[in-house]
Each structure stands twice: as structure tokens, then as C-alpha cells.
Amino acid sequence: MRPLRANMLSTVLPNALAAWLLTEWLWPLEAVTDTAHIGVFVSFVALCFGLHLLRVPIWLSALGKMVYIWWALSRLFSFASIAALPHALWRDSIVWLLGDRSSMPSDALRTFAFFLLLWAVSFLLHWLIVRRNRWFVPYALTVGYIAVLDTFLPYSGNGAILRLVALGFFAFVWLQGEELQAKAPSFRIGKWRAAALFIPAVALAAGYAGPKLPPQWPDPVAFIHSYGATSEQESDNRPAAGVKKIGYGQNDSRLGGPFIADDTVVFIAKDQGRHYWRVETKDIYTGKGWEAFQSEQVQSFGNGELIRYEWWSDKVKTVEQTAEITRQDQAFHLVYPLGLQQVQTSDHIVYRMHMATEKIYTTDQNANALPIRQYMLTYMEPDFPIEALRAAPPVQDPPFLKRYTQLPETLPQRVRELAKQITDGKETVYDKVKAIEQYFHLNGYTYETTDVAVPGPGQDYVDQFLFETKQGYCDNFSTSMAVLVRTLGIPARWVKGYTSGRLVGEQDGQSVYEVRNNDAHSWVEVYFEGIGWVPFEPTQGFVNPYAFSLAASNPEEPEPQPQPEERETPRVPLDQLLEQSSTAQAEHWWEKLADVWSWKTGLTTLVVLAVLGGAAYATRRKWWPRFTLFRFRRRKLDGAAWLISAYGALLRHLQDYGLKRRPHETLRQYAAEVDRLFETNEMNRLTKLYERAVYGTGIKEANVREAVKLWENLIKRTIS
Amino acid sequence: MTINEPLLSPLEQVVRNIEQVIVGKRNVIVLSLTALLAKGHVLLEDVPGVGKTMLVRALAKSFSAELKRIQFTPDLLPSDVIGVSVYNPKERQFEYKPGPIVAHIVLADEINRTSPKTQSALLEAMEEGSVTVDGVTRALPQPFFVMATQNPIEYEGTYPLPEAQLDRFLLKLHMGYPSPDEEIEMLNRLEKTAPLAEIGPVMSLDELLALQRKVADVHVSDTVKRYIVDLIQQSRQHEAVYLGVSPRGSVALMKAAQAYAFIHGRDFVIPDDVQQLAPYVLAHRLLVRPEAKWDKFDAETIIGQLIARTPVPVPGRR
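Residue numbers (the working numbering), protein chains in the order written: chain R, 1 to 720; chain U, 1 to 318.
If we strip away everything but chain R, and leave its shape as in the complex, we get (with noise of 0.2 Å):
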């Protein structure tokens, strides 16, 4: 039994030691970049050196990791349905490879390359260290990217260098035995790998317990943060290690962290009404911050044209109103108030609302982005019927629910339990939601800039805001109520945009507003059924511009309001609505090319194209002999040429033909075997006058038009 014990361990090991080395370096990932998740990628590595050690045959080990990461992609990007994704990796390569090369990828794309990249790597490894028992380079590699990590960027390796070290002792250990029980059989490797693993052993553990000096150097890396300091304007999307300028970004997947004011203006705003500025929307809280959710459904609508978009049903009671928009920068998409019916301006731009998000982008008709700086809105002021928000039963459309009610997997069992404690007692669902907006203002939680602490590696940004800090501005306080009301499963998202701003005067009956980067704000909207997503405000100081109406109309009586006859459905519909538009909406070739090849299209063309060239392949005995002869019949070279090149061809067929000319092998051997194959002397005819072309002085005409005929009979020959 023994023998059998050491191999398997001997097979186990590498293999074990291989992917731990690989999950070196996906650990850091998570504290220096913007990817999350990480243990799907680590269940990856896990699984590929796992289908690696059970010696898998390679279609199965191959399907096995195609299928994890269909899963694994699906579950990370929510997509609405198993077949979505490989249509929208599709279009995304696409998009990418043919147009804008200089724009990144989509996420999904560059997970799904991200993927590849591992299993790649995985192979990599597991050849060198497995196969080759090749140690050092990996290690090396490893050793060093986890240093560099260290020195230069803020993540602490400290845990990495422990583990890297021991995984070197032991490696080392192990390789060391090897190689001495190589060389005398009756080494007795078992007890010399115990002691000769207790002492690094004890040494590391040692080091790791006992008392340690500081650094002893100066930080020799400090200019380098201090550039980084002056560069603040790039550095949204760097982790959310530096102080942050206030103002609207783009990336809220590192929230967290003091920021300092900006009183720049943004834009001016002559409004009727006063109410939230929007932007855009997100729904995908990842522990760290907010993600958008991946669609590619476009509505794209022209100036004054009525936007397809159903805002709330008709319970909720709505006032048109105007209000018109002066940017002071350059944007490349709308601010606008909930409840938008149409955009005018005076350039010819086609906006784009990307249906995931609700952002409106400002293009021309290529879909190349157009700055827009005055615009008027009409928007529907809504106001919400308390009754009827509190009849509105619990959701139950399933991928609605999903998506909607989506949380990390990391969220501490804690909040949970805190949204359950809030609401306890409350029937509705208006009330539960309710209670948790007002729980903040009475529990202590305060309004803070720039003492607003990062969550750590491991750590939950908003279980850090609840349970911790408690102190925070308007992200710290929307994305807790978001995740609080999702946890009892009532949908919920994170909206972005700007508060209404500060009132500076009047105009033609308007008031004027001027709405600067400190205005950045956040807020949430909760989803109740039969109504469509109402807006909350859970920040402390901060009041909801919506009204909110007790039973001041019978919420059966039907509103005098003009309704566009296409609204049936009272619920936005995402996911179905303007799939249509999204296919007409392409303005690039390559995005046409992408709508119009569908994945599907697009791998039936890759199929039928293999099974033509397979077919031709496999039946080319029969038609590459014709287009031979047809090839040099056409051509004119003096005879000797002629009959040099024509004799190549016949060869290459020949060999086709299943008859192998080994290379010592003379033409004329070869020609003998040919003929007693085809039961003739025409091969060796041909060879003695193609001997004399090639080997002697040349031939005469006579001759060639003789090895004409005999070469057209062979070529024949290969075709029966």
C-alpha cells in the first residue's frame, strides 16, 4: 500500500502547491483593482488543476470549465438568461475587435478574457511545475509580483510573503528529496522531508510570533503617492485609498473615503417644480460599492419626441411641468427629473437611454457622442399615494426579483438581521421601507465629509457604515437603505445624480437654480408593485422632494392626465421593451454586423464554413487532382520546367494517395513501388525522363510531350 500512498501524494502535491502559487495572485486583485468576486476565479483555478490531477480527457476537462464559466458569468453579470450571454459576449468582441479598439472592452467580455487568461495559465503551470518539475521561474515570478504590490501600490502583502515562503521551504524540501532518494534508493525520504520541514517551520512560525521592529528605511516609494496626490482629477477610479473631490463620476465600485468640496457650478436649472436631478441608476452592489448592471438595450428617441418609458402607472398623479437646463461643462448626457417625457434642443441629437443604467446619452445619428449645453425638459411631477403604496403587495416576478434584490454573497449576516429588527411589526410594504429610510435619522448616524473611513480588505462598506463609523454622507446612506430594504426582498436601486440645487432668482416665472459639484447626491428608489419605483432619501439633512399624498384622491378614480395609448403595462419593462430599437439603433457597420450576426448566426456560420473545409478536405482526392491537371495543362514553361514542377505536383498527390516517398528513398525506388501499385511502368517512365531533366542536360521536346502523357495518366490514377 505504501508505494500507492506515496504517489498519489506525489501527484496531489504539485498540483496543489501549483494552484495555490496561481491563487497568489489573484488575492491581491481584489485590493488593487476594481475586481471583485474573487473566489470564483479561485474556485477556477481550484477546478482546472482539480480536472488536471483526475487526468480528465481533454474535451470533458475542457467542456467542464467552458460550463463553469457560462455559469460563473452568468451568476456575476445577471444576465436575464443562460442564452444572453453568449450573445452579448458576441456583440461585445465584435463591437470591439472590428470598431473603437481604444474604448474597453465590456465587463463581461474582459471576465470572460480574464478567464481564459486563468485557464491558459493554469495549463502553463501545470505543465511546468507538474510535468517538467520546474519550480524556480513561477516562484520567482510570484515572489516578485507580490513585492511589487507591496512597495507600490496600497496593499499589504505581509500574509503573501508568509504563505509564499513556506510554499518555498516546502517545495524546496520536497524537490531536495526527490532527487536524493534518485540517487540511493534506500533513502528514507519520509523522515528526512519531517525534519527538514520542522525547521523552516519552526523559523517561520517563530518570526511570524515574535516581536518585530518598524521599517527601519524611509518609505522609498513616498513620491510616488505624493504624485498620485496632485493627480486627483484622474484618479476616480483608483481604490478609494486617496481623498476624493466631490462631483459625479463614473465609477462606484469603491465607495468610501473622505472627499473635499467643489463649488464649481455644474449647470443652471429654470425650473417650475423643485425635485432630484437624475442621472443614472445602478443595481448591482458588489460589498464595495455599485456596479451597473449589463445590458445593451438602447432606447434612442429625437428631439420633442415622446420617450417610451413608463414611468408609474396611473395611481400616481402627475402635473406636466417645463424646465429648462444650462450646462456650464461639457456632458456628454442628460441631467433630468423623474418622470421625463421629452428633450428639446437645438442641435440635431438623437438621445440614447441605455435602458440598464436610464443614463441618456447626447449623440449625433452615428452614434458618435455630441456635448449638449441647453435643453428643455417636459417631465411629469409625480405625486405618490400613500394609500396606495401601502396596498401594493410584495413583488413577484421572479428575474425581476433577482435582479433587483441581488446582494453579495459577503453581506454579513448582521445586516440582515438589523433590516429584520427595523421593520419588525410593520405589515406593508411602503411601511417597512419607510421605517428603514427613517431609521437613520434616529439612531445616531451623522453627516460626515472627511472622516469617512475605507472598507478594509474583507470588510462590507455598508456593515462597516451601520455597525461601525456611523457617520457618512449621501452613498454611505443610500447604498445601506438599498441593501436593507433588499434583504427583505423588496426591490430596490441606487440612483445617481445632483439635489435640486440652490435657488438663485426668477425667471419668467421660473425659479433659477444653480446646481453645483458639492449638489452631487444619491438616493434610492424602491419598486412597488402596481406603481412602478418610487424615490427615498435616507440621508441625514437631507428632506425628499417628492410629495407624498394621504387619500387626497380615490386611488380608482382614473387621472384626467393625457396617457400615451401604448402603455399597458404599468411596470417598466427593461428587459423586453425595445429590443427592436436596439437592432435599429446601430449607426457602425460593425455594429450592424454584430446585431444583424446574432451569436447564433454567427456560430452556424462558423460550423457550416468547418464542415465545407472538412468536406473538402476529406474529399480531396477527388477534385484537387482535377485542378492539377486543369493547373498545369494551362501552363506554358519550357519543357524541362514544365515537367520539374508538373513531377512535384504528382509527387505531393502521390503522397496524398497514401504513397510516401521516405526521404532516402531514390525515384526511382519510389517509382518501382508506384507502379506496383497501379500495375503499370508509366511512374518509372516518367522518372527516368524527369531523372534526365533534373539530373542530366535537359530533354528533348519529343520527350516532353511523352511525359506529358504519362504524367496526365498518373495524376488520373490518383483520382480512381
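Hints should not be assumed to be uniformly reliable.
Non-contacting residues of chain R with respect to chain U, defined by C-beta distances greater than 10 Å in every case (computed) [what the hints assert, rightly or not]:
#, residue
1, Leu47
2, Leu124
3, Gly168
4, Ala672
Some but not every residue of chain R turned toward chain U, in silico, with C-beta under 7 Å [to be verified]:
#, residue
5, Thr142
6, Pro663
7, His664
8, Glu691
9, Val694
Calculated from the structure, these hints are not laboratory results.
Don't be surprised by glycine CBs; every beta carbon is placed ideally from N, CA and C.
Let chain R serve as the given structure and place chain U on it in line with the hints.
Structure of chain U alone, referenced to chain R:
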């Protein structure tokens, strides 16, 4: 395995003539003619009694050439081979008495039985085509063809030829035993008559000399030259070879191939000629490592491997 090609008709007659005496050794006869046409010499290595002498005598008779035979013994002196100067009292001067080497065809029997001194006198004459006695150099008659025989060197009482002298021979041939059928045929022929006495000349010496001159015109293309050199280069890299074939070996292989192509009625050399001749031209020109001999590696096996390792160049293949 030989080239499946008819011989040039006058040479075919010579071969048929000799075949009346020697049964079933067409290949050896053709190869001997090859050496003769290439102006080279042949070393026949075999046990006694397989017909070496018969072959040479039949060859000489076919051309009505003068044949002399030197039986090498340990006490043979160089002067016994190349001749001596003798004082003629009547003329009162030294007179050259030619030795047995002065002939068109010389049969040097058992050359490994004589002392190295005498061996080298013979080999020098073969190389130079002339003999020097008392400071006077005398040209040997044309054509001049030596066919030496030696017993396999394992036998007692022999002086093995040094390598440098071995490669003076263009080809080294084995007669080998005849097959049973061939031996019966031989007995039938010898039962009543002596075939050697019955054959006559089929070609004059002048015709032979003319053919020898034509051999030099046989075309050797660059492709074939490259093939010869590749083969020779391989012999220098083979793991069982202690000393590879010298450049003199390349020249010998080309010359022999020219003659071989000529015999087969071609005016150009093909790789088949080279492959056919390589064992006979190269085997005595390379030194096999002693340890390789234990693994039954002899020169012939090695040459078979060299051929198998060297690709035949085929022009016109892209």
C-alpha cells in the same frame, strides 16, 4: 538490389563473356568493369577458391590484355614487383628488366601476406601509374588495372594494409559463395571443358581506352554532387565511426558513379548510382570504433545507415 537498366551493348558483351566463366556474379563483374572504366583498382576480399583469379583472367582475356600475376609471399621484395636494373656486359650499361607489374592487368594475390615494404611498392605504382628504378621513372602501360585479393584479416600470418593504403583502391568487393544452384551450374560447365580456354576477346584495348575517356564526360549535376557530399558528411558524424571518409573518398565516389552511369548507358549520374556504389567505395575508407564492433557494427551496416539518414535531394519540390 541493382539498377534495373540495360548495359551499354559493348560492355554487355564483355559481361556475358566473363559470365561464361563465372557463374552468378554479375554484380561483381559489373563493379569490376566500373573500376576499370574509372581507371581505378579493385580489392577483392574473400576466402580462397571462390573464383577471384578466374574473374581476373576472364577479364584479361575479354580485352586480350596482358595479364601478370604476382603471388605475394612474406619474402617478396619490392624489386620482385617493379623490376631491377641488370648490368649488361655486352652493352656495358645497366638494363631495366621489368617486373611483373608492368602489364595491362595485374593480379596481386594475397597482398596482405607480404611485408609492408613490398605492399607500398605496389600501391605506389598503382597511384602514380609509373615505376621508378635507379632514379629512372618509367610509365606503366595504359590501360593499367590492378586487382588485388586479400584473405580476411582475421587469418594468421598477415600484414593488414594500413588505412592510407586501403583507400588507393577505388572499390572493395566480395565474391561470396555461389548459391547451390549456381554451384551445380558451375560443376556442369567444368565437367567436360575448361570454359576459360574457350572464351576469346570481345573488345580491343584501344576501344577500352576510348570508353575510359568517355566516362569523364558523364554529367554530374549539382544536386547529385550535393547528395554525395551530404553522404560523406554523414559518415564523419556517425556515432560508431572513429574516422570518417576523406575528401578523396568523395572524389572516388563521384568517379565511380560516373563510370557506373556510363555502363548503364546514361550520360548523367543519378542518386541511384551513388547509393549503389556507396558500400563498395566507402566501406574500406572509414574506421569503425572498436567498441562499436562489439555491437556487430561493421562498415557495411554503417553505410546502410548513412544512406537511410541522408535524404535524396529532389529538385522541383517546393
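Status of the hints after comparison with the structure:
| no. | hint | in the structure |
| --- | --- | --- |
| 1 | Leu47 | holds, 47 Å |
| 2 | Leu124 | holds, 35 Å |
| 3 | Gly168 | holds, 42 Å |
| 4 | Ala672 | violated, 8 Å |
| 5 | Thr142 | violated, 43 Å |
| 6 | Pro663 | holds, 4 Å |
| 7 | His664 | holds, 5 Å |
| 8 | Glu691 | holds, 5 Å |
| 9 | Val694 | holds, 5 Å |
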